[in-house]
Amino acid sequence: MFYYLCQQKERKPFLFEEENCLPKNKKRRMSGHQVLNTLEEVFKGVVNEYYSQLCAFSVQYTDSPEISEDIVQDVFLRFWEDKKYLLAKGSLKSYIFNSVRNASIDYIRKNRNHIFTELEEASYLDESEISEDNLRLQHERLHELLKQLPAQEYQILVAIVVDNRKYKEVAAEMSISVNTVKTHLSRAMKFLRKNNIKLRTFFLLY
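Every letter in the sequence shown is one number past the one before it in our numbering, and letter 113, counting from 1, is 113.
No lab work stands behind these hints, which were simulated from the structure alone.
Even for Gly, the Cβ is constructed at its ideal location relative to N, Cα and C.
It cannot be assumed that every hint is accurate.
[To be verified] Beta-carbon label-pair distances, calculated as ranges:
hint, residue 1, residue 2, range
1, 140, 179, 18 to 26 Å
2, 140, 190, 20 to 28 Å
3, 158, 45, 19 to 27 Å
4, 109, 41, 17 to 25 Å
5, 98, 193, 34 to 42 Å
6, 145, 40, 34 to 42 Å
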């Protein structure tokens with residue numbers, strides 16, 4: 001599992017509960033090994049679905065793609081090894097995003113105390129933030145702001161966050177280095193933050 005997560009560096013909400021992840025007609029007939037394999041496949045699907053979005057989400061706090069990738073990997077490892085998925089209530093997507101948010105702020109608390117107070121005031125994701133009307137209004141504002149980004153920064157932001165593509169894939173397509181991709185992504189994130197965009201809500205749109 002650690003190897004699988006490491007591979008992601010190069011690279012609809014649901015309840016992640018053991019009973020919900022198993023085929024109904026096999027729940028009673030599957031061995032412990034089969035159950036574990038089924039859960040692992042579901043977990044890999046969750047990683048594929050949200051990994052890039054979570055890395056970009058964390059960058060708004062850390063300002064470092066590398067650190068954010070480490071944070072996201074650590075969250076996923078603890079999520080799997082400690083069976084954190086059994087504690088998730090309601091939307092798994094909100095649970096994971098909040099976990100990454102908390103881990104990112106913990107990093108800042110330990111390493112950048114001078115900006116922690118401001119970040120600590122940010123609220124947790126709640127149902128009002130992911131309501132259809134609120135997301136629609138924020139999406140419209142984001143759409144207008146995105147038009148102001150330099151073409152390359154916009155292209156990379158959309159590729160990584162919206163299309164959930166991997167850094168290496170985007171870098172190869174644009175004939176630039178992975179580090180350049182990360183730099184442009186970081187700049188785009190800073191631009192949105194400067195314009196008082198609630199990025200955590202933005203990422204929930206996709």
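- List of violated hint numbers, smallest to largest: 1, 4, 5
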